[in-house]
Amino acid sequence: GAGVSQSPSNKVTEKGKDVELRCDPISGHTALYWYRQSLGQGLEFLIYFQGNSAPDKSGLPSDRFSAERTGGSVSTLTIQRTQQEDSAVYLCASSPAISVSYNEQFFGPGTRLTVL
Amino acid sequence: AQSVSQHNHHVILSEAASLELGCNYSYGGTVNLFWYVQYPGQHLQLLLKYFSGDPLVKGIKGFEAEFIKSKFSFNLRKPSVQWSDTAEYFCAVTSSASKIIFGSGTRLSIRP
Chain A
16 GAGVSQSPSN KVTEKGKDVE LRCDPISGHT ALYWYRQSLG QGLEFLIYFQ
66 GNSAPDKSGL PSDRFSAERT GGSVSTLTIQ RTQQEDSAVY LCASSPAISV
116 SYNEQFFGPG TRLTVL
Chain B
967 AQSVSQHNHH VILSEAASLE LGCNYSYGGT VNLFWYVQYP GQHLQLLLKY
1017 FSGDPLVKGI KGFEAEFIKS KFSFNLRKPS VQWSDTAEYF CAVTSSASKI
1067 IFGSGTRLSI RP
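Sequence order for the protein chains is A and B. Numbered by our numbering, the letters in the first sequence go through residues 16 to 131 in order. Numbered by our numbering, the letters in the second sequence go through residues 967 to 1078 in order.
The set of hints was computed from the structure by calculation and includes no laboratory data. Keep in mind that a hint or two might mislead.
Beyond 12 Å from chain A on every Cβ pair, some chain B residues (computed) [what the hints assert, rightly or not]:
#1 E981
#2 E986
#3 N998
#4 Q1004
#5 P1021
#6 K1024
#7 D1051
#8 I1067
#9 G1071
#10 T1072
#11 I1076
DEER-style ranges, computed between Cβ atoms [what the hints assert, rightly or not]:
#12 B:G1007 to A:G43: 23 to 31 Å
#13 B:I978 to A:S24: 23 to 31 Å
#14 A:T91 to B:Y993: 16 to 24 Å
Just so you know, even glycine gets a beta-carbon here, dropped at the ideal spot from N, CA and C.
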């Protein structure tokens, strides 16, 4: 009865390094979302997947950010050449149906990224 | 563009006080509205949602929200708060098969 899981739970990296954040959605959920939560900023939408395709990438803040999803399941968010302003909690969520607007999103615990 | 505003950044109440957290959105079409809650150390979870029908929506733990279309609002209410309601509350809106837009959140602190 697993929920959404994310790894690592915490990541400390040096400025300029690349990082990969992983999300395992609830089994069978077709939609997967990535958000960024910064202190006092709420949740910032990054990207969402319907199956393996990403119809909406509009939230990715720069071309240093990319994401992929394989097999309609696990997703990886990659941040290249990290900057200090990338420090935040990165949240993943999944939802069961194709009509994503009608379904509750189930959130993972997040990955806290700190860029030194 | 869609946006969601939560004007109260931090609300402090005593136990048994009544609660109302404001949420306003900007979008002219049909919307779906949500309130999510994040208790300390826990995941975000759904508190309640509105899609259609009765504009007064009941959620978990005694919370309710009222959709007032003319005011573009979806305020969250609870008649009598408990210490365990201490959390951060997020209002969200979506208009189609697209991303959900979240507000910046309201931190609620309850004094025992």
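Hints and how they fare:
{"no.": "1", "hint": "E981", "in the structure": "holds (26 Å)"}
{"no.": "2", "hint": "E986", "in the structure": "holds (19 Å)"}
{"no.": "3", "hint": "N998", "in the structure": "violated (5 Å)"}
{"no.": "4", "hint": "Q1004", "in the structure": "violated (8 Å)"}
{"no.": "5", "hint": "P1021", "in the structure": "holds (17 Å)"}
{"no.": "6", "hint": "K1024", "in the structure": "holds (15 Å)"}
{"no.": "7", "hint": "D1051", "in the structure": "holds (19 Å)"}
{"no.": "8", "hint": "I1067", "in the structure": "violated (7 Å)"}
{"no.": "9", "hint": "G1071", "in the structure": "violated (5 Å)"}
{"no.": "10", "hint": "T1072", "in the structure": "violated (10 Å)"}
{"no.": "11", "hint": "I1076", "in the structure": "holds (20 Å)"}
{"no.": "12", "hint": "B:G1007 to A:G43: 23 to 31 Å", "in the structure": "holds (27 Å)"}
{"no.": "13", "hint": "B:I978 to A:S24: 23 to 31 Å", "in the structure": "holds (30 Å)"}
{"no.": "14", "hint": "A:T91 to B:Y993: 16 to 24 Å", "in the structure": "violated (32 Å)"}
Hints 3, 4, 8, 9, 10 and 14 from the list above are not met by this structure, while the remaining hints are.
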